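J.: The primary structure of each chain is shown beneath.
2 protein chains.
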Amino acid sequence: MNPDLRRERDAASFDAEKLTYILDGGCERTRRRREIENLILNDPDFKHEDLNFLTRSQRYEIAVRKSATVVKKIRDFGIADPEEIMWFKKLHLINFVEPVGLNYSMFIPTLLNQGNTAQQQKWLPPTQGLQIIGTYAQTEMGHGTHLRGLETTATYDPKTQEFILNSPTVTSIKWWPGGLGKTSNHAIVLAQLYTKGECYGLHAFIVPIREIGTHKPFPGIIVGDIGPKFGYDEMDNGYLKMDNYRIPRENMLMKYAQVKPDGTYVKPLSNKLTYGTMVFVRSFLVGESARSLSKACTIAIRYSLVRHQSEIQPGDPEPQILDFQTQQYKLFPLLATAYAFQFVGAYMKETYHRINVDINQGNLSELPELHALTAGLKAFTSWTANSGIEACRMACGGHGYSHCSGLPNIYVTFTPTCTFEGENTVMMLQTARFLMKSYDQVHSGKLVGGMVSYLNDLPSQRIQPQQVAAWPAMVDINNPDSLAEAYKHRAARLVEAAARNLQAEMKHRKSKEIAWNLTSVDLVRASEAHCHYVVVKLFAGNLSKVDDKPIQAVLKNLCLLYALYGISQNSGDFLQGGILTESQLTQVNQQVKELLTIIRPESAALVDAFDFQDVSLGSVLGRYDGNIYENMFEWAKKSPLNKSEVHESYHKHLKPLQSKL
Amino acid sequence: MNPDLRRERDAASFDAEKLTYILDGGCERTRRRREIENLILNDPDFKHEDLNFLTRSQRYEIAVRKSATVVKKIRDFGIADPEEIMWFKKLHLINFVEPVGLNYSMFIPTLLNQGNTAQQQKWLPPTQGLQIIGTYAQTEMGHGTHLRGLETTATYDPKTQEFILNSPTVTSIKWWPGGLGKTSNHAIVLAQLYTKGECYGLHAFIVPIREIGTHKPFPGIIVGDIGPKFGYDEMDNGYLKMDNYRIPRENMLMKYAQVKPDGTYVKPLSNKLTYGTMVFVRSFLVGESARSLSKACTIAIRYSLVRHQSEIQPGDPEPQILDFQTQQYKLFPLLATAYAFQFVGAYMKETYHRINVDINQGNLSELPELHALTAGLKAFTSWTANSGIEACRMACGGHGYSHCSGLPNIYVTFTPTCTFEGENTVMMLQTARFLMKSYDQVHSGKLVGGMVSYLNDLPSQRIQPQQVAAWPAMVDINNPDSLAEAYKHRAARLVEAAARNLQAEMKHRKSKEIAWNLTSVDLVRASEAHCHYVVVKLFAGNLSKVDDKPIQAVLKNLCLLYALYGISQNSGDFLQGGILTESQLTQVNQQVKELLTIIRPESAALVDAFDFQDVSLGSVLGRYDGNIYENMFEWAKKSPLNKSEVHESYHKHLKPLQSKL
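Going down the list, the sequences are from chains A and B.
What the first sequence shows, in this note's numbering, is residues 1 to 661, in sequence order.
What the second sequence shows, in this note's numbering, is residues 1 to 661, in sequence order.
Hints in this document: simulated from the structure, not taken from any laboratory.
The structure displayed is predicted, hence computed values, not measured ones.
Among these hints, one or two may not hold up.
Here are a few chain B residues that face chain A, going by a calculated C-beta distance under 7 Å [said to hold, decoys possible]: (1) P228; (2) F230; (3) H403; (4) L518; (5) T581; (6) E582; (7) S583; (8) A636.
Note that beta-carbon positions come from the ideal geometry of N, C-alpha and C, so glycine has one too.
Excised from the complex, chain A in its bound form (with noise of 0.2 Å):
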């Protein structure tokens, strides 16, 4: 072990285990997380090898061999559990990118939610089983997040009772499906439904794409892989193109929707179930951004620890880096946000099981402030979790440039996040729309509940001066939950500013819906402050519930440092509407400083509770064991460059021009 990390961590003021315990919900579950991690790194199957030197052929084929692996231990491990399979996968797959993965994230769940039982009898046993490969095709070449305007069309026929199934146009090519290009054999197909004459909008189409047992593309398919994109070099995104291709009426997903052998359609009663999986995924996704800017943490501040350089005194010899302000202040913020959004991904999978259960029973009340809150989250947190893998990995110098690092790849299988699952901007705006419906209904005399309940003590006119007044001496800056409410107040001034932005655009203008876009600006930075209250507050709230004294006191610097920091970084409407004073402020800046110094003996034990086995961190420069540079030389040596002493090239471009010129 690197010496310097070992007197690093002995010197934290807590045990880095038992916080390790809190993260993962109990120490119960952080032994059976260990076990199930362990069956990896002790199986001969899994050794693990560095894919960033590989082809992206190879790449892809190592991940399909791994999925078929991964299919054959979990049941030879009886592994069922939802969540013990992702803890399987995650370390399995490093950065969790696998070809077969829409069959388990997409197309099961697809025919779980929308196929009737008979349908799900077909086709549930071979998907589990891999005969059928599938995944869910959605999205379009021009087509994204406005639904309604895909053009992929699947009309009726009655006479042969099947669905044809048609991309008109290059735009309505289905593209950017995982697994679509290469390993799946059917596909999930989101199509506008035609019959008798009618269109009636979107509707879901199981329809088989490659022969099993040969592969090959059936006649009116056109399939194949996007190319290369910025990472997710295993994953063959597809593209999907059909020509007059016949499908058998019963593979439309008819739980709701139905057509008749006849072609009559039949409307669905509800379907706002499937509303349900969108909230369940960008939840997910909450978690995920704390996962890796946890990873990405843990990499830089490590190599922060173990890299010495530059002098602060002369004379004296080269500190760690992580000794220089500056570097505590790029890294120990992120850090902070690390730990916010552990707590708030925590947060969101218990309150999504909580409301859930409601679900199923029919109650659906809370459905729309979760949605709301979720959409919010999911953006609000994988933009900053996007910005602060890139913080941590420049933080590492020209290191964090090479593959060895690890950040490269952390950044560029994370980063789809801020796109995916709806857009941020789409999802700011969505949250939007809920703080703008529940600005009127307080405005109309009803009260709103939950995280929101807070317009409700919006004076319904713009707030007196001498009130104003009265914010500053409430806020108190070494406490979590005074913080919070000065969050709280922020949340409502810019929620309260939007809104009559808004209304004033609609005094002038046509209609709400341009009115809405002339004021969607200020509407995400009130969505903004929104989940920025909700995360200081779900940090701050957590802090109680620590029973562990040194725990209790390094997490509640943490909650202050990321409290204030964000403070600082948007000072400006903190100061406007009083909610902070000038000198306040200064305190502000000043206390940041000061934190960083008090977390800085700590750091080296607030990575090590994230508890990342190396694999999984796909890391040279985050080993436990610190020996950085005998490691990157070794890791170097491999690279396909250093195949031959002499690189082809020489011969046949240079050595011709040397004897030329």
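Given the structure of chain A, go ahead and fit chain B onto it with the hints provided.
T.: Just chain B, lined up with the frame of chain A:
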């Protein structure tokens, strides 16, 4: 041509061609640039290949071939002016990475700067003919920023009149130099010079590493590629380990310091001039920030004009996504930034050339300010461009993640700029050092000149509230010069705050150095504010130089947007000290939204004016023809995974599973 793009271009109020002349520095320069670019576009030897589909080794080979071709062609075409060579290479190399690049950008210039006449006569001719392919090896695995920490040694042996080069530790292995891994046969190596038992610090040595003709590494030399990185796939960034490797005494560059045959060390008279190269490279990088951000804006804005999605009013056709205010808010401030940085880049180049004349006449008086300014502006512009490029990518939604957008490559090629040639935080602290020195000078009663002359106006005592109250009246948010004044006040305030914090720390702590570290967050903020002011001032100052009224009008709006957006993003800084009032800030936010609407119809022409040839964007999404979807489909078909209908991994891994389960 895409009908949307044609309509948009025709809608502009100004002549994009004339704006191109302004950016190029005159219509004759535009003509000549295009002439050179056309040499490449019309030459079959330069047929553009899309590197995205190739393996690293193939990409490296193509880059070597291109390098060799460029050497021949530049000679054939008789292009000799360095800037013209740059135009040539830029179009040709797209994102400007070439394995032999360091031969020209570092090896030859170092020979010219530090080699004596005999050395230049011996080494220059073969380097220019690529018999000798050189690179520059300074950075070591364990040492970057802190030059005194470099460990490589060169020990003089008077018996054989040789230097013995050693890499005594793993951390001392040379690491990162471009072209070192496979391409170069010589390197200028920076090493600690030992003679007669004394260490005389860093000196430069010409080290042969591979044999000309066979290209094999010499005994005692261990050299290779450092492995895959975030980007720079075509570049063989390398490592070099030397084990008692002997070179002749004459291989030490001896223009300044010398070692006599008997081992006597002769001190250099002065080497302040090496300073000049650093300043040159950094001022060049400011222009690179402008160029990379301009490219990203071009792609994202063109795509946003061609992409139709969602709806603003129900029932209306899908609008161009650039009609959404949130999309304008993402892209137009970046477009304004790209223009701001274009002008800053031009200013830096001009200033460098002006001061260079002075330097050559022995007048170094302006060098410290220029050095401080280039350091800060290199950091300020590269950080902003870096996050801006990613914002452009994400503004293209899912398709931005595909390599067909060209944006991931622009990003990964640009992002090292934040780290190399002076890590950005270190750069900001260098600027801060100059700001603190200037502040102290003013306090000791001397006036300072240049861009920091605003410090002369700082009252030596804390500004009285009455004086503060005088500021807001001065800011006219529709006047670029007045906004530059506001930025000046902010910079002055933050420089003073940092100076006071530094003084306060010095009162409490042992040393100036520790105090400096504990104030460094404030110092970086002060530098950023200073640089931000310089950019606004230069942009505003350029407006009056533009004769063409319609162009002046649109540039003024871009300048206003740049300045007002910056205020809105840093509103706390402007509220503090009363530079702006709260109600002015509300107007600023409103005015930003107004400007988005005003710039919207100009945006197509504003990116056209950057005049990037399609091929130099390396983007399918950003092409002039605007057939994004057809082009994407054609592009995707070339994916390596599409080489056969069924990928071999199906037969190897999935089929056995299908029959087994």
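J.: Return the numbers of the hints above that this structure violates; sort them in rising order.
T.: 5, 7
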